[in-house]
Amino acid sequence: MYRTGIEPPERIWWKKVGRHEKVWVWIAFAWCMVLFAMMPLWHLRGGQNPSGIRHRVDPADYQARVLEFVQEYQVGTDNGLPVVEPPPGSDVYLQASQYAWIPVVRLRQGAEYTLHLSSLDVNHGFSLYPLNINFQVVPGYDYGLRVVPNEPGEFHVMCNEFCGIGHHLMIGKIIVVPDDAAAEGGAGPGGDR
Numbered sequence: 119m120y121r122t123g124i125e126p127p128e129r130i131w132w133k134k135v136g137r138h139e140k141v142w143v144w145i146a147f148a149w150c151m152v153l154f155a156m157m158p159l160w161h162l163r164g165g166q167n168p169s170g171i172r173h174r175v176d177p178a179d180y181q182a183r184v185l186e187f188v189q190e191y192q193v194g195t196d197n198g199l200p201v202v203e204p205p206p207g208s209d210v211y212l213q214a215s216q217y218a219w220i221p222v223v224r225l226r227q228g229a230e231y232t233l234h235l236s237s238l239d240v241n242h243g244f245s246l247y248p249l250n251i252n253f254q255v256v257p258g259y260d261y262g263l264r265v266v267p268n269e270p271g272e273f274h275v276m277c278n279e280f281c282g283i284g285h286h287l288m289i290g291k292i293i294v295v296p297d298d299a300a301a302e303g304g305a306g307p308g309g310d311r
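Residue numbers (the working numbering): 119 to 311.
Keep in mind the hints are simulated off the structure, nothing from the lab.
Hints are supplied without guarantee of correctness; some may be wrong.
Here are the simulated lysine to aspartate or glutamate pairs, EDC-like style, with alpha carbons at most 16 Å apart [claimed, not checked]: (1) K291 x E269; (2) K291 x D196; (3) K291 x E272.
What you are looking at is a predicted structure, and each value in this text was computed from that prediction instead of being measured.
Given the sequences, and given the hints that come with them, work out the whole structure.
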């Protein structure tokens, strides 16, 4: 029978929901509850969260820490940026500011360090290439990450958060030297001695 928009089509609202429909509704509801519970549980128990130390810091205080760190461990320069070589087990401070990562860091292969990241001005992103490591670097927060470099080479630190007109120039370096090369005192990659 032909109907117009004024007359609604026949409905079967008076019929009860079938047993199979009820089963599928309960299965869907139970699955939604499992997924809802897994979100906080996976956040707490899953292995995807980086183990790190986070706390608030005044940007001026963080900059003072970086300058003190550079004065104590500077071993040379690379394109006008200080190159530092801290001893194994120490805190390493890396500062993000428009448009540079300061300082260039030389680390020993196989040694553990705590890498501290913070920004002085705007949000920045820490990406370590060619590895797939990404962190948000926010002004006013110090993010400490325990790292053990296991492969020698030169790794580029890039900003992956648009931070202004010079964003594409914001490239820093982390240089990992074999433990025997660092112990011999050779200049190796990344600067003059």
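**Request:** Report the numbers of all earlier hints that the structure fails to satisfy, in ascending order.
**Result:** none
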